[in-house]
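Kindly produce the complete structure, drawing on both the sequences and the hints.
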Amino acid sequence: MSGALAELYQQLIIEHSRSPRNQRAVAGANRTAEGINPLCGDQITLQLRVEGDRVADVGFEGSGCAISKASASLMTGAVLGKTLAEADALFEQFHQMVTSRADAPVSDAALGKLAALAGVRAFPARVKCASLAWHTLHAALAGGGAVSTESATE
Amino acid sequence: MSGALAELYQQLIIEHSRSPRNQRAVAGANRTAEGINPLCGDQITLQLRVEGDRVADVGFEGSGCAISKASASLMTGAVLGKTLAEADALFEQFHQMVTSRADAPVSDAALGKLAALAGVRAFPARVKCASLAWHTLHAALAGGGAVSTESATE
Amino acid sequence: MLDATRVREDFPILATGSDGRRLIYLDNAATTQKPRRVIDAVRQYYESSNANVHRGAYALAVRATELYEAARERVAGFVGAWGPESVVFTRGTTEAINLVATSWGRAHVRAGDSVVVTAMDHHSNLIPWQLLCREREATLRMVGVTPEGAIDQDDLRSALARGPRLVAFPFVSNALGTINPAAELVRMAHEVGAAVLIDGAQAAPHLPVDLQALDCDFFAFSGHKMLGPMGSGGLVAKPALLDAMPPYQGGGEMIAQVWDDRATWNRIPHKFEAGTPNVAAAVGLMAAMDYLDGLGRGAVAAHESALARGAIDRLGELDGVRVFGPRGDRSGVVSFVFGGIHPHDLATIVDQDGVCIRAGHHCAQPLMRRLGVPATARASFYVYNDVSDIDVLIGALRKAAALFRVSV
Amino acid sequence: MLDATRVREDFPILATGSDGRRLIYLDNAATTQKPRRVIDAVRQYYESSNANVHRGAYALAVRATELYEAARERVAGFVGAWGPESVVFTRGTTEAINLVATSWGRAHVRAGDSVVVTAMDHHSNLIPWQLLCREREATLRMVGVTPEGAIDQDDLRSALARGPRLVAFPFVSNALGTINPAAELVRMAHEVGAAVLIDGAQAAPHLPVDLQALDCDFFAFSGHKMLGPMGSGGLVAKPALLDAMPPYQGGGEMIAQVWDDRATWNRIPHKFEAGTPNVAAAVGLMAAMDYLDGLGRGAVAAHESALARGAIDRLGELDGVRVFGPRGDRSGVVSFVFGGIHPHDLATIVDQDGVCIRAGHHCAQPLMRRLGVPATARASFYVYNDVSDIDVLIGALRKAAALFRVSV
Ligand SMILES: Cc1ncc(COP(=O)(O)O)c(C=O)c1O
Ligand SMILES: Cc1ncc(COP(=O)(O)O)c(C=O)c1O
Chain L
1 MSGALAELYQ QLIIEHSRSP RNQRAVAGAN RTAEGINPLC GDQITLQLRV EGDRVADVGF
61 EGSGCAISKA SASLMTGAVL GKTLAEADAL FEQFHQMVTS RADAPVSDAA LGKLAALAGV
121 RAFPARVKCA SLAWHTLHAA LAGGGAVSTE SATE
Chain D
1 MSGALAELYQ QLIIEHSRSP RNQRAVAGAN RTAEGINPLC GDQITLQLRV EGDRVADVGF
61 EGSGCAISKA SASLMTGAVL GKTLAEADAL FEQFHQMVTS RADAPVSDAA LGKLAALAGV
121 RAFPARVKCA SLAWHTLHAA LAGGGAVSTE SATE
Chain Z
1 MLDATRVRED FPILATGSDG RRLIYLDNAA TTQKPRRVID AVRQYYESSN ANVHRGAYAL
61 AVRATELYEA ARERVAGFVG AWGPESVVFT RGTTEAINLV ATSWGRAHVR AGDSVVVTAM
121 DHHSNLIPWQ LLCREREATL RMVGVTPEGA IDQDDLRSAL ARGPRLVAFP FVSNALGTIN
181 PAAELVRMAH EVGAAVLIDG AQAAPHLPVD LQALDCDFFA FSGHKMLGPM GSGGLVAKPA
241 LLDAMPPYQG GGEMIAQVWD DRATWNRIPH KFEAGTPNVA AAVGLMAAMD YLDGLGRGAV
301 AAHESALARG AIDRLGELDG VRVFGPRGDR SGVVSFVFGG IHPHDLATIV DQDGVCIRAG
361 HHCAQPLMRR LGVPATARAS FYVYNDVSDI DVLIGALRKA AALFRVSV
Chain G
1 MLDATRVRED FPILATGSDG RRLIYLDNAA TTQKPRRVID AVRQYYESSN ANVHRGAYAL
61 AVRATELYEA ARERVAGFVG AWGPESVVFT RGTTEAINLV ATSWGRAHVR AGDSVVVTAM
121 DHHSNLIPWQ LLCREREATL RMVGVTPEGA IDQDDLRSAL ARGPRLVAFP FVSNALGTIN
181 PAAELVRMAH EVGAAVLIDG AQAAPHLPVD LQALDCDFFA FSGHKMLGPM GSGGLVAKPA
241 LLDAMPPYQG GGEMIAQVWD DRATWNRIPH KFEAGTPNVA AAVGLMAAMD YLDGLGRGAV
301 AAHESALARG AIDRLGELDG VRVFGPRGDR SGVVSFVFGG IHPHDLATIV DQDGVCIRAG
361 HHCAQPLMRR LGVPATARAS FYVYNDVSDI DVLIGALRKA AALFRVSV
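Protein chains in written order, with my numbering: chain L, 1 to 154; chain D, 1 to 154; chain Z, 1 to 408; chain G, 1 to 408.
Do not rely on the hints blindly, as some may be mistaken.
Stated by the list, open to error - Residues from chain L shown here face chain Z by an in silico Cβ test under 10 Å; the list is partial:
1) S2
2) A4
3) L12
4) I14
5) S19
6) R21
7) R24
8) V26
9) G41
10) C65
11) A66
12) S68
13) K69
14) C129
Hints listed in this document are in silico derivations from the structure and should not be mistaken for laboratory results. A quick note: this is a predicted structure, and the numbers were derived from the prediction, not measured. All residues carry an ideal CB built from backbone N, CA and C; glycine is no exception.
Structural data, given as structure tokens:
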């Protein structure tokens, strides 16, 4: 198996895709958004309960490939309990990581487990899978609605 | 100048194009048709006065290239005074001539002066110019209306 | 079976690479690769005959026009059409269907009317009818699909009972591989006075087609799915229907006389070809048809069908594979899901072994919803594929299973 | 001036034939010849990158998609557009204008509204508006042309006074060679709240174009008229307008989600690209733009303009020549009549010397009626033409005069 493939489907990704965290509805959700990838049918509904300036709870539902599921799982884990500003910063860092060149260094310190998704950079067709959950988060925090990854610039 | 060109623009053709016969309205016309070549703008209006089964008078108006004008001039001359059956037969013979291979023999006996138009066979783009008047005649005799040479099968 | 090793030699992109690997292209339902003959025909056209058609008095334009019209005649012969005037060149199937939905549809479909499509139609044979029906306040009736992947005949009969204006269906399903009983469906639709449009995108490349025998009213196809250049394809229709239809796009070529505020139309098929046509595409398509006829169209169909059945058998050796569509007679399209692994992941993984398969909804979201899956993996075979390609595919799928720790 | 002898070496079709003659191609306003670089780009695409775009998870499809989107970005840069999302690939100008007339037009033009075109518009920028206005019971207002071949400003002002929904005009006239003051016309139209469509078919190949500076709303062009493959071209529009417009054709690629009876649309520009796009054409167009930029677009415009002026001077040496259109600044299109010889006959005769000129109404019948001629002869120049081509043309015209016994 190619190194790139092993990197893409590393242990943590497979594990999160098979047992995603926070794949559930959120009681008392006050922010929600839907994300779709029209070209492959991936679809995610994201719910958040924001209390003050904090993400008090977050969960997702929907269907998608291993990458998009693992990304949603990791994303929800990463933003849970964070302030909105911190969540936004993470969005930016994640976005920068997946759109960087495949051999660019990745800051584990800033991204933590999210760094496991750096493997998509070698698979341009899959970057959208990794970023769907994040775009949906962005939409939910920006006021909700629907997003579609098609022709997103990454 | 190429032989084919000299053959196309032979004396008789040039002469008829510059001084076309029967380029006029027909008094008491009882058959009429309009022919156009939509792709170059050639346009001809044909009027006939048919008495019994004979072409008692025929004339054309319109604009066109030397070939289409000469053809209209020669056509009107050829059918004037003929029976409708004779005119139809001429139409067939003319049609056969202009759609035959460029080196096929031409029957001067049957076609008379019309044989002068055989030169168009070496210029496929001009066959429509030569046949516009004849198609219009055909339409007029078949009950009138409008014809267009585009994609006619010759 | 065709000698695919021999066939592959005609396709530059399928040559073995410097790393000793070759491209195992199994996405033929999306688009096909091009034989050298087609690539050369396009090149030669530009190197020796390129000009705008129909309006030129000079020899080069005459040559281009003759090539273009020869291609039209060739298409008519290839699909058994009523004559060259029944062939309108379009960019492909989608444009052809939009032409019918817009020109014929807006002239014939009124409020309260119905139009029938099937649950196995490609979005290109669905959205144009949705748009038409919405505009006209007509009803779009979608006929169901049986668990075996056939058009549900009972449901069709109930849809026909309403007396629809038009029935549209795919000759061959791009998502299931089903070969529909087209002649029979046409007969049933005609009995209730409906016009019939056959989406031939997956038929023209793969089966002998005889439109006069089928007696359908409209037939749409794409050249790029049958070894031809991108941008080639057409609508083939009964001339009397075309004659009576209003134009689709307006512009050069399609007019007879033009005044400031109105115009009259050119003869068919030119009435429907506004603007400079893609002559190079038509010329390349002609070469593609020659190539396919050289292989023999019965042989092509048998080759694909055998590969599809072979692939289904081999997939059956893996635990946790579900193959969609009919088991018996079918085209070279094999849709499946495997071991709970998402088709997208499968496609990425097998691509590492040089295998190109498609993952997704195959432009058939209503069908996916009925199948109860968001997406399938799809291998679709053509003349240059053989059983060794299936071997590599199966091996690559086993690797995917290992990666995802799925037991097979 | 460009070194046309050098340029010709890049165009296989213009190579000197075995009989020592070369093609003197002066029908560039109809379509242009293709440099080797463009022909090779198309061939290479088919030999190494061919796949369907946007939906593929495998590397080949990613490559095809990247090429396709790179071509879009290149077009945006080439015409100074608002961004890649403002570029919709179409078969050419005609399809682009029909898209606007149908999608934008049917959404915005109501009974009693008016749409303004000019008497120098090509049928492709006239018929779509005729059809729209007829359907919508709106008024189509045709602005006149001055004897010098310019848009009549007084007449335009009177047409604008009515507050039209849209003003359409050609940047450069294909029949007269006029270069219209596009920015000024856009400004005038916007002042009365009209949207503006510029037919750029004869501008994109010949002039530097900066749409953001022009500030027009829609711009249509054809790749085949600018050294690109047939079937390439596009609509370039302000993104906000495209965003708000309903789709044109329905089918694959242009959807977001599809249900049995309805669907939602993809983002722009994909919303307007139903069906498999012509990736090869886009790739070839990209090569054509590279080639033109290599020559320098200012140099191209100057070259053509100099040839046109030179041709007009030389034609003036012949008695009985009437040249249409402006004398001063103009594009490389020279329309004329000569000695009462019908343009068709002229075209046939000069073709014997290898000279390709067009004869006819140039898809501008309303203009021909105003000029009082049924047809003109038209020589249109491009990067591979030079003064020696004009010499041969003039010599051939003298032969025509001799044949028709016209004194010159
Ligand atoms: C000014 C103008 N507009 C529109 C067109 C139509 O372009 P196309 O035939 O490529 O669609 C042309 C060329 O034929 C043209 O010269
Ligand atoms: C059954 C079917 N119909 C229509 C289409 C659309 O064809 P195109 O994209 O060439 O217009 C396709 C292929 O995508 C298809 O498989």
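Going through the hints against the structure:
Against a cut-off of 10 Å between C-beta atoms, the interface hint on S2/L holds, since the closest Cβ of chain Z lies about 5 Å away. The restraint placing A4/L at the interface with chain Z holds, with a minimum CB-CB distance near 8 Å, inside the 10 Å limit. Taken as an interface hint, L12/L does not check out: its beta carbon lies about 13 Å from the nearest beta carbon of chain Z, beyond 10 Å. The restraint placing I14/L at the interface with chain Z holds, with a minimum CB-CB distance near 6 Å, inside the 10 Å limit.
Because the smallest distance between the Cβ of S19/L and any Cβ of chain Z comes to about 12 Å, over 10 Å, the interface hint for this residue is violated. With a least beta-carbon distance of about 18 Å to chain Z, the hint placing R21/L at the interface is violated under the 10 Å criterion. Interface hint status for R24/L: violated, as the beta-carbon distance to the closest one in chain Z is roughly 19 Å, over 10 Å. Annotation: interface hint on V26/L violated; nearest CB of chain Z at approximately 22 Å, more than 10 Å.
For G41/L, the interface hint holds, the least distance from its beta-carbon to any beta-carbon of chain Z being 5 Å, beneath 10 Å. The closest approach between the C-beta of C65/L and any C-beta of chain Z is roughly 4 Å, which is under the 10 Å cut-off, so the hint is satisfied. Restraint check, A66/L versus chain Z: the minimum CB separation of about 5 Å is within 10 Å; hint holds. Hint on S68/L holds. Least Cβ distance to chain Z is approximately 8 Å, under the 10 Å limit.
Annotation: interface hint on K69/L holds; nearest CB of chain Z at approximately 8 Å, less than 10 Å. For C129/L, the interface hint holds, since its Cβ comes within 10 Å of a Cβ in chain Z; the closest pair sits about 7 Å apart.
Hints 3, 5, 6, 7 and 8 from the earlier list are contradicted by this structure; the remaining hints agree with it.
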